[in-house]
Amino acid sequence: LIAQLRHRSRHHTLSPDDRREKTRIMQRILRADAQIRCLAEPWLGDLEVFFEKQSVPLH
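Under this note's numbering, the letters of the sequence shown match residues 1 to 59, in that order.
Hint data in this document are derived by calculation from the structure and do not stem from the laboratory. Yeah, the Cβ is synthetic: ideal placement off N, Cα and C, and Gly gets one too.
Distance windows between CB atoms, simulated:
(1) Arg37 / Ile2: 18 to 24 Å
(2) Trp43 / Thr13: 39 to 45 Å
(3) Trp43 / Pro16: 39 to 45 Å
Can you build the whole structure from these sequences, using the hints too?
Put into C-alpha cells, the structure is as follows:
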C-alpha cells in the first residue's frame, strides 16, 4: 500500500483541500504515535530489566 501511495503521489497532484487533509491526518498519526511511545517506553524498560534478571545464572 505504501508503494502504491508513493507511486500515486508522483503522478497526481493533490488539491489544496486534500493537502490540508493529508497534513491533518499525518499530524494525528504522529500525535498518536507519541502517545503510544509515552505509554510503552516505561513498560519496555521494565521488560528489559526482567529479561536481564532472567539471564543471570543461578548458583
